[in-house]
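> Protein chains in written order, with our numbering: chain A, 5 to 330; chain B, 5 to 330.
Treat the hints with care, as some may be off.
Intra- or inter-copy, both count: the list cannot distinguish identical chains.
[Said to hold, decoys possible] The calculated lysine to any residue pairs, modelled on SDA-like cross-linking and capped at a C-alpha distance of 25 angstroms, are:
1) K221 - Q51
2) K141 - S173
3) K251 - P317
4) K221 - S191
5) K141 - V156
6) K221 - Y319
7) K237 - P48
8) K221 - F206
9) K141 - I273
10) K141 - E330
11) K237 - L87
Derived by calculation from the structure, the hints in this document are not laboratory data.
2 protein chains.
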Amino acid sequence: NAEREIESLLAAVNAERDVPVEFRFEAAVCGGIPVIRSMQSDFPGDQVSMLSGIINGCTNFMLTAMDRDGMSYEDALAEASRLGYAEADPTLDVGGFDARSKLRILMRLAFGVEVDEEEISCRGITDLTKLDFEYAKMMGGTIKLIGVATTVGENKVAAYVSPCYVTGSDQLASVNGATNAVEVISSNLVASTYIGQGAGRFPTANSVMNDIVALAKGDTVALPFNPLAKDTKFVNNYDSYFYIRIKYRDQVGITRQCGEICEKHGVSIHSILQNPITRRDDAAFVLITEKVPLSSVMGVCADLEGLDWCRGPTYYMPVLREDWNE
Amino acid sequence: NAEREIESLLAAVNAERDVPVEFRFEAAVCGGIPVIRSMQSDFPGDQVSMLSGIINGCTNFMLTAMDRDGMSYEDALAEASRLGYAEADPTLDVGGFDARSKLRILMRLAFGVEVDEEEISCRGITDLTKLDFEYAKMMGGTIKLIGVATTVGENKVAAYVSPCYVTGSDQLASVNGATNAVEVISSNLVASTYIGQGAGRFPTANSVMNDIVALAKGDTVALPFNPLAKDTKFVNNYDSYFYIRIKYRDQVGITRQCGEICEKHGVSIHSILQNPITRRDDAAFVLITEKVPLSSVMGVCADLEGLDWCRGPTYYMPVLREDWNE
Numbered sequence: 005n006a007e008r009e010i011e012s013l014l015a016a017v018n019a020e021r022d023v024p025v026e027f028r029f030e031a032a033v034c035g036g037i038p039v040i041r042s043m044q045s046d047f048p049g050d051q052v053s054m055l056s057g058i059i060n061g062c063t064n065f066m067l068t069a070m071d072r073d074g075m076s077y078e079d080a081l082a083e084a085s086r087l088g089y090a091e092a093d094p095t096l097d098v099g100g101f102d103a104r105s106k107l108r109i110l111m112r113l114a115f116g117v118e119v120d121e122e123e124i125s126c127r128g129i130t131d132l133t134k135l136d137f138e139y140a141k142m143m144g145g146t147i148k149l150i151g152v153a154t155t156v157g158e159n160k161v162a163a164y165v166s167p168c169y170v171t172g173s174d175q176l177a178s179v180n181g182a183t184n185a186v187e188v189i190s191s192n193l194v195a196s197t198y199i200g201q202g203a204g205r206f207p208t209a210n211s212v213m214n215d216i217v218a219l220a221k222g223d224t225v226a227l228p229f230n231p232l233a234k235d236t237k238f239v240n241n242y243d244s245y246f247y248i249r250i251k252y253r254d255q256v257g258i259t260r261q262c263g264e265i266c267e268k269h270g271v272s273i274h275s276i277l278q279n280p281i282t283r284r285d286d287a288a289f290v291l292i293t294e295k296v297p298l299s300s301v302m303g304v305c306a307d308l309e310g311l312d313w314c315r316g317p318t319y320y321m322p323v324l325r326e327d328w329n330e
Numbered sequence: 005n006a007e008r009e010i011e012s013l014l015a016a017v018n019a020e021r022d023v024p025v026e027f028r029f030e031a032a033v034c035g036g037i038p039v040i041r042s043m044q045s046d047f048p049g050d051q052v053s054m055l056s057g058i059i060n061g062c063t064n065f066m067l068t069a070m071d072r073d074g075m076s077y078e079d080a081l082a083e084a085s086r087l088g089y090a091e092a093d094p095t096l097d098v099g100g101f102d103a104r105s106k107l108r109i110l111m112r113l114a115f116g117v118e119v120d121e122e123e124i125s126c127r128g129i130t131d132l133t134k135l136d137f138e139y140a141k142m143m144g145g146t147i148k149l150i151g152v153a154t155t156v157g158e159n160k161v162a163a164y165v166s167p168c169y170v171t172g173s174d175q176l177a178s179v180n181g182a183t184n185a186v187e188v189i190s191s192n193l194v195a196s197t198y199i200g201q202g203a204g205r206f207p208t209a210n211s212v213m214n215d216i217v218a219l220a221k222g223d224t225v226a227l228p229f230n231p232l233a234k235d236t237k238f239v240n241n242y243d244s245y246f247y248i249r250i251k252y253r254d255q256v257g258i259t260r261q262c263g264e265i266c267e268k269h270g271v272s273i274h275s276i277l278q279n280p281i282t283r284r285d286d287a288a289f290v291l292i293t294e295k296v297p298l299s300s301v302m303g304v305c306a307d308l309e310g311l312d313w314c315r316g317p318t319y320y321m322p323v324l325r326e327d328w329n330e
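Let's have the full structure, built from the sequences with the hints guiding it.
Below is the structure:
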């Protein structure tokens with residue numbers, strides 16, 4: 005958490021000075037992508053409604069290797085470490101925590117909301133299996149670890165870090181390897197996407213140099229026309245289409261029981277995908293829900309896990325966009 | 005040519021003042037995409053080696069409609085006009101001239117080279133046919149009208165506006181509709197892509213406002229560490245893989261004659277694509293060359309057109325990247 009260290013250092017310095025020290029932190033999020041400066045300079049008069057990004061290079065490299073090259077999770081992690089994409093403690097990457105730290109910084113810039121990092125729902129890529137990539141491919145898309153922050157009604161912002169199903173034609177679907185990408189949906193600019201190197205010596209150094217140049221020139225950070233809304237609240241729930249993968253032991257009555265449980269939680273089913281069963285005691289199918297609250301999906305999953313035919317934990321992830329199926 | 009008008013206006017104003025007026029022109033190229041500011045702020049210490057972009061929304065909308073929806077050129081143009089994507093004189097769009105004006109501005113920023121617009125090779129989308137989209141699909145990609153500027157050896161920059169074959173996994177392949185995109189390849193930032201609204205009232209107004217804010221704050225444009233190279237020369241030729249589509253009347257000896265002509269011009273053939281012939285007197289095949297100079301391809305095309313079995317003009321376009329076939 006370089007940002008926190010800088011903040012406390014700065015607080016200590018400024019306590020002893022009359023003129024406060026300004027600081028810039030372009031390199032703190034997505035190394036070479038000018039997303040911090042763009043949030044500060046291109047969006048002051050705009051209203052952001054959604055921000056979504058592939059903001060961790062290590063996991064994106066791993067997911068690309070698993071999807072495109074059919075590599076196992078372990079091999080993909082080993083390769084990412086070998087290439088220097090993983091943090092010293094790779095849990096920060098694969099657990100989604102690095103992405104969450106960055107998402108929190110971006111949320112402050114995009115929505116003027118200050119969120120306790122721990123409150124942002126964070127799911128890493130550790131529970132993804134080969135099966136999920138197979139089903140994603142059947143659906144015409146892939147899986148990306150994405151940090152999402154989105155307005156949900158007046159003055160409310162929801163956010164999460166999670167693997168997401170992304171359709172093949174989505175701009176983010178073709179962001180592969182250790183590359184990062186951030187997409188901003190807003191009133192004026194409609195949709196802006198920035199794609200580039202998330203980390204690495206030269207991109208990071210370039211960003212640091214540009215920060216120094218901006219400070220040396222005396223450029224000030226733009227004051228938004230819509231000043232940081234003090235009344236914007238963070239809500240730890242969101243609505244989405246969801247992908248739910250359920251492992252099961254085949255028997256009669258499964259579809260009925262699924263239907264009953266979904267109905268109980270008010271979850272409408274959009275579609276069911278099931279590959280031909282090869283092993284009756286170790287099969288899997290996938291439910292795609294209509295747009296429902298995360299909390300309902302978690303309820304469905306908990307209930308399913310209590311049934312005798314359900315093998316081990318269920319796995320759910322949001323579908324990135326509402327128009328994913330058009 | 006808003007930019008030229010502004011320049012002459014500014015020259016007139018500055019002639020009567022002591023302190024020169026600064027001007028900014030973010031909205032002049034790709035409306036909502038902060039590519040001008042990014043070129044000025046993110047790349048001063050970097051070395052750009054290639055800049056390529058979908059910088060005309062009207063033609064990209066048309067190509068998307070022709071490729072994805074199988075629309076005819078005429079219908080696509082009518083639809084683009086109806087939606088307000090076309091210039092008052094659509095020749096500026098479909099002839100590639102609007103893209104060329106923007107490319108010239110971007111070249112000045114990226115390479116510090118001042119080019120006479122007329123010198124930049126400019127091919128529009130008017131000669132593309134349904135057949136070309138079919139062959140592009142066979143090759144796994146699509147066709148985009150792209151403005152390209154690229155270094156070719158020490159202190160030399162080549163540039164062109166042309167339809168280009170783009171592979172399906174290319175970031176630019178999934179930029180559809182009236183959306184614009186600019187990709188910059190450079191030493192430090194490696195590859196940066198900016199995707200967004202190319203035009204429209206709100207994106208343009210947003211850019212203009214941000215320019216005004218920057219001027220009001222007194223932000224200055226960064227001075228590059230590598231100051232605009234006065235010795236950088238523009239060269240009106242470039243090497244690339246090329247796609248050549250040849251319409252023909254089927255007869256014996258065509259392959260041999262093609263081979264002879266290519267050999268004469270030093271053009272090595274990478275592959276030949278030919279759909280099953282349905283009409284012997286009106287068929288078409290496609291040659292993909294290895295990396296060769298544009299001038300050689302033009303020589304090959306001229307020679308082919310002189311043969312009795314060659315029906316009407318040949319059509320060539322560059323393949324966007326050297327690694328297109330990996």
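> With reference to the structure, classify each hint as holding or not holding.
Verification of the hints:
no. : hint        : in the structure
1   : K221 - Q51  : between (28 angstroms within a copy, 21 angstroms between copies)
2   : K141 - S173 : both (12 angstroms within a copy, 15 angstroms between copies)
3   : K251 - P317 : within (8 angstroms within a copy, 60 angstroms between copies)
4   : K221 - S191 : between (31 angstroms within a copy, 24 angstroms between copies)
5   : K141 - V156 : neither (30 angstroms within a copy, 40 angstroms between copies)
6   : K221 - Y319 : neither (51 angstroms within a copy, 50 angstroms between copies)
7   : K237 - P48  : within (19 angstroms within a copy, 39 angstroms between copies)
8   : K221 - F206 : within (22 angstroms within a copy, 30 angstroms between copies)
9   : K141 - I273 : within (20 angstroms within a copy, 35 angstroms between copies)
10  : K141 - E330 : both (16 angstroms within a copy, 21 angstroms between copies)
11  : K237 - L87  : neither (40 angstroms within a copy, 38 angstroms between copies)
Hints 5, 6 and 11 from the earlier list are contradicted by this structure; the remaining hints agree with it.
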